[in-house]
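Trainee: In case you want the letters, here they are:
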Amino acid sequence: MSRFAGRFAGAVRRPLAWADARLNALYRWELNPLYHSGVLAASLFAVVLITGIYLLVFYRIGSPYASVARITNDVFLGSFMRSLHRYASDAAVVAGLAHMFRMYAQRRSWGPRTLAWVSGLVLLGVLFVCGWTGYVMVWDVQGEVIAREGARWMDLLPLFSEPISRTFVGERPIPNAFFFINLFAHAALPLGLGVVLWIHVSRLARPVLVPPRLLLWGSVVLLSLASVVVPVTMAPAADVLRLPGRAPYDVFFAFFLPLTRPLPPLVVWLAGAAVTAAVVMVPAWSRAKVGQEPPPSVVDETLCTGCEQCYVDCPYEAIAMVSRSDPADPRSALVARVDADLCTSCGICAGSCAPMGVGPPGRTGRDQLSRVGGFVAAHPAEPREVVIVACDRGAGGVGALATFDGAAVYAVSCAGNLHSSVIEYFVRAGVGGVLVVACPPRDCWNREGAKWLEQRLFHDREAELKPRVDRRRVRLGYAAEGERAVVRAALAAFRAEVRRLEEAAAEQDIDIERECVEDYTAEQAGAR
Amino acid sequence: MSAWARRLGAVAFACAATAGLVGLSRVPWTAHPGEQGQLRLAWRFRSELVQACRRLTPEELAKLPVHMRRGEVCEGGLRPYRLEVWVDDRPVADDTIRAAGAHADRPLFVLREFDLAPGRHEARIRFTPLGPAEAETGTDERGREPRGAAPPLVFTAPLVLAPRQVALVTYDEERRALVRRRS
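Protein chains in written order, with my numbering: chain A, 2 to 529; chain B, 17 to 199.
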């Protein structure tokens with residue numbers, strides 16, 4: 002990543018971290034709409050599809066404005082459906098843009114994620130085209146202005162035998178064919194969206210397509226309420242022989258009009274092409290510098306037992322089980338193999354591998370154990386003190402610090418990369434407790450790191466934290482990048498608990514001592 | 017923050033966000049600021065064909081694939097026109113309108129818009145055929161005379177424009193004249 006691109010991504014991440022922290026405070030991470038922006042966009046689009054099918058039944062291409070007016074005023078549920086159709090489309094645009102912004106700010110837009118980035122842009126583009134054609138369908142002032150503006154741009158291209166703009170000059174009635182083609186585009190494009198959505202998530206192992214129920218229904222109910230309380234009204238009808246006056250415009254779809262209308266079409270095309278190229282090329286200019294890319298995971302066949310846990314846990318389907326290079330090897334018929342082109346170097350496989358035979362170079366379980374050994378040597382364990390193991394991307398930004406509120410910080414690239422043996426090492430080295438701070442599961446930069454870690458620590462998922470480790474000395478917390486206060490509160494609460502544990506242990510020691518002394522005294526007395 | 021305060025805040029924020037969404041979906045805007053009217057010239061016009069034809073030499077024919085060997089090749093296209101517009105005796109446009117298409121064989125399309133203050137204006141439009149020389153067409157090797165150019169189309173009329181009204185001047189094929197079309 003160039004210096005400028007790095008700074009820019011860092012700059013846009015700050016407001017995102019701020020917003021995440023505020024919304025986490027209100028909704029908890031489970032329902033933070035920013036964490037679910039992608040699936041919200043998809044779900045809202047489903048609402049748009051359902052309401053759109055209802056509206057389509059009553060729409061007439063021969064009398065577009067009149068039929069929409071009839072839908073709005075006379076058709077049963079017509080006004081409600083039209084309003085919900087509009088508001089859900091607007092919300093889908095907001096959610097889609099928020100999702101895109103998040104992926105860019107978190108630098109999750111290059112390498113193996115390039116396909117998702119580009120297909121996401123296509124999805125967003127199709128959503129915009131659907132919106133524009135939808136407004137043209139109404140054929141009110143806004144629809145006319147959008148149509149004329151689009152025609153002005155298209156006439157620059159040597160594609161059409163006659164300038165399209167002539168359709169809207171009033172020289173002759175607007176042909177029904179125009180509204181038919183417009184309707185066809187409006188209705189047909191969403192069908193293609195399903196295919197693009199499939200491509201968009203095709204490299205994910207367990208794509209999530211539906212937001213939490215409360216968030217989904219909460220959004221639908223709120224938009225429905227808005228549709229009832231503030232229904233969409235009819236703007237003035239389009240009149241090509243009258244210049245458009247003041248009328249309501251939808252900022253989410255017609256945002257470009259004030260920018261482009263004063264400009265010549267060539268300038269609009271050049272500016273549009275520049276913006277599109279810049280956005281499409283994000284994977285190229287936001288990628289790590291050559292030679293500094295995080296290395297993909299590798300498998301040590303001599304350690305791999307063929308258990309398939311890394312294959313199951315990999316969030317990007319980058320691991321396949323293949324036959325051993327030496328078929329005579331008695332350990333297992335299959336071994337894991339990493340597809341370097343699909344691997345994002347998240348390191349989750351390293352956390353899943355009990356024999357520590359897979360992971361990115363320098364971050365395998367064995368590498369982690371040797372690193373934690375050095376860390377413990379540099380930070381002698383104190384029985385009452387807590388060590389923070391923090392994800393270096395979220396976790397309140399604590400991962401970038403050497404100590405936080407007096408507690409030593411051990412940073413990991415992703416909570417999912419953390420091998421449970423590291424926790425055990427800390428506990429057996431004598432620290433009072435290990436506070437693991439991960440990103441909220443829905444905000445894990447590697448999708449499933451926090452989820453798998455929780456299961457490995459407390460639900461015996463391979464590679465599980467061994468039963469011999471006192472779970473009371475291990476705590477898992479979630480904090481987004483902007484939630485340092487959450488880490489501070491979790492640390493204080495855990496310290497208090499560790500203190501109680503230590504005090505209880507000390508009391509137990511005293512009791513044992515007292516019992517020993519009493520037994521000894523009694524024995525001595527008996528001997529006399 | 018207590019659980020109830022948090023829930024209340026969550027609902028309030030969701031309502032505010034929805035209100036913002038609804039508000040932004042209907043922002044009043046004037047696509048064409050001011051109260052001006054407009055003189056719009058829009059027509060499609062098929063002018064006469066102006067071509068320069070010549071016979072291909074045997075050498076040129078030999079270079080062509082068999083199915084493309086035509087004895088005569090013609091270059092040129094539809095005759096271009098000059099569009100001149102005056103409003104209140106002030107010239108506002110003087111352009112050459114050329115035929116569309118790679119072979120200049122598509123009709124001539126005129127689309128010009130001039131914003132005018134509401135009120136009475138005198139509009140004069142002249143659509144004049146350009147000769148072969150001005151049109152930069154080749155000469156006819158066979159000495160064929162090009163077809164005679166049509167007489168210029170002229171439109172002169174007073175326009176009374178209401179605020180935001182569009183006065184459309186177009187070409188009437190039946191009358192072969194520029195006319196004002198009323199809605």
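Just so you know, not all the hints are guaranteed correct.
[As the list claims (entries may be wrong)] Label pairs and their computed distance ranges (CB to CB):
(1) A:64 to B:189: 25 to 33 Å
(2) B:75 to A:157: 22 to 30 Å
(3) A:274 to B:121: 52 to 60 Å
(4) B:134 to A:267: 57 to 65 Å
(5) B:75 to A:267: 19 to 27 Å
(6) A:286 to B:104: 21 to 29 Å
[Stated by the list, open to error] Non-contacting residues of chain A with respect to chain B, defined by C-beta distances greater than 12 Å in every case (computed):
(7) 32
(8) 192
(9) 227
(10) 246
(11) 255
(12) 368
(13) 398
(14) 442
Treat the hints as calculated values from the structure; they're not laboratory data. Keep in mind that this is a model prediction, so the values were computed, not measured. By construction, the Cβ of each residue, glycine as well, lies at the ideal position given by its N, Cα and C atoms.
Trainee: Does each hint hold? Answer for all of them.
Mentor: Going down the list of hints, with the structure as the test:
1. At roughly 28 Å, the beta-carbon separation of residue 64 of chain A and residue 189 of chain B lies within the given 25 to 33 Å, and the hint holds.
2. Checked against the hint of 22 to 30 Å, the pair residue 75 of chain B and residue 157 of chain A fails, with Cβ atoms roughly 41 Å apart.
3. Checked against the given bound of 52 to 60 Å, the beta carbons of residue 274 of chain A and residue 121 of chain B, roughly 30 Å apart, lie outside it.
4. Against the hinted window of 57 to 65 Å, the Cβ-Cβ separation of residue 134 of chain B and residue 267 of chain A comes to about 32 Å, which falls outside the hint.
5. For the pair residue 75 of chain B and residue 267 of chain A, the supplied restraint of 19 to 27 Å is violated, since their beta-carbon distance comes to about 42 Å.
6. For residue 286 of chain A and residue 104 of chain B, the hinted distance range of 21 to 29 Å is not satisfied, since their beta carbons lie about 54 Å from each other.
7. Listed as outside the interface, residue 32 of chain A is inconsistent with that label: its C-beta sits roughly 8 Å from the nearest C-beta of chain B, within the 12 Å cut-off.
8. At roughly 25 Å, the least C-beta separation between residue 192 of chain A and chain B is larger than 12 Å, which holds for a residue marked as non-interface.
9. Here residue 227 of chain A does not stay apart from chain B, with its beta-carbon only about 5 Å from theirs, under the 12 Å limit.
10. Residue placement check: residue 246 of chain A does not keep its beta carbon more than 12 Å from all beta carbons of chain B (closest about 6 Å).
11. The beta carbon of residue 255 of chain A sits about 8 Å from the closest Cβ of chain B, which is not more than 12 Å, so the claim that it is off the interface is violated.
12. Consistency note on residue 368 of chain A: stated as away from chain B, and its beta-carbon is indeed over 12 Å from all of that chain's, at 42 Å minimum.
13. With a least CB separation of 22 Å from chain B, residue 398 of chain A remains clear of the 12 Å interface cut-off, as annotated.
14. Interface exclusion of residue 442 of chain A from chain B stands, the closest Cβ pair being 19 Å apart, more than 12 Å.
Comparing the model with each numbered hint stated earlier shows that hints 2, 3, 4, 5, 6, 7, 9, 10 and 11 do not hold.
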